[in-house]
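K.L.:
Sequence:
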Amino acid sequence: MELTLNIIGGKWKPIILWYLSSNTLRFGELKKKMPKITQKMLTQQLKSLEENGLINRVVYNEIPPRVEYSLTYTGKTLIPILENLSEWAHEYINTNKSQCL
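Residues in the sequence shown are numbered from 12 upward in steps of one, following the working numbering.
Check each hint, because a few of them may be wrong.
[Claimed, not checked] Straight-line C-alpha distance at most 27 Å; calculated BS3-like pairs for lysine-lysine:
| # | residue 1 | residue 2 |
| --- | --- | --- |
| 1 | K24 | K87 |
| 2 | K24 | K44 |
| 3 | K22 | K43 |
| 4 | K108 | K58 |
| 5 | K44 | K22 |
| 6 | K87 | K44 |
| 7 | K42 | K24 |
| 8 | K42 | K22 |
| 9 | K42 | K87 |
| 10 | K58 | K22 |
| 11 | K58 | K43 |
| 12 | K44 | K108 |
| 13 | K24 | K58 |
| 14 | K22 | K47 |
| 15 | K87 | K108 |
| 16 | K51 | K108 |
| 17 | K43 | K87 |
| 18 | K87 | K58 |
[What the hints assert, rightly or not] Label-pair distances were calculated between CB atoms; the ranges are:
| # | residue 1 | residue 2 | range |
| --- | --- | --- | --- |
| 19 | V69 | K44 | 16 to 24 Å |
| 20 | E62 | N105 | 13 to 21 Å |
| 21 | R37 | N107 | 18 to 26 Å |
| 22 | N105 | G39 | 30 to 38 Å |
| 23 | K22 | I90 | 27 to 35 Å |
| 24 | P25 | Q50 | 35 to 43 Å |
In case anyone wonders, no lab produced these hints; they're calculated from the structure.
Every residue gets a Cβ at the ideal spot worked out from N, C-alpha and C, and that includes glycine.
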């Protein structure tokens, strides 16, 4: 469990993985989907996910440079787990509405 949380834990990594589960995205597209994350933090989180083999980073030799991020096979195996966490959160909110407001 500790290893799992070290790899995908934190405020931003699960959200990044969730957004990449449906599309290949560029840095700016991810940033627009997560306006509260700083560029530095997004860069750090993407680098960590890439180093752990959960996302691919493809750099295109163009001007201006284009970089795209997508899930690896290993990253895709996390999607059912993230879906379960999302379902749990919805159930939690419905059960504990007064505490969540």
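K.L.:
Of the numbered hints stated earlier in the document, which are not met by this structure?
P.N.:
4, 15, 16, 20, 21, 23, 24
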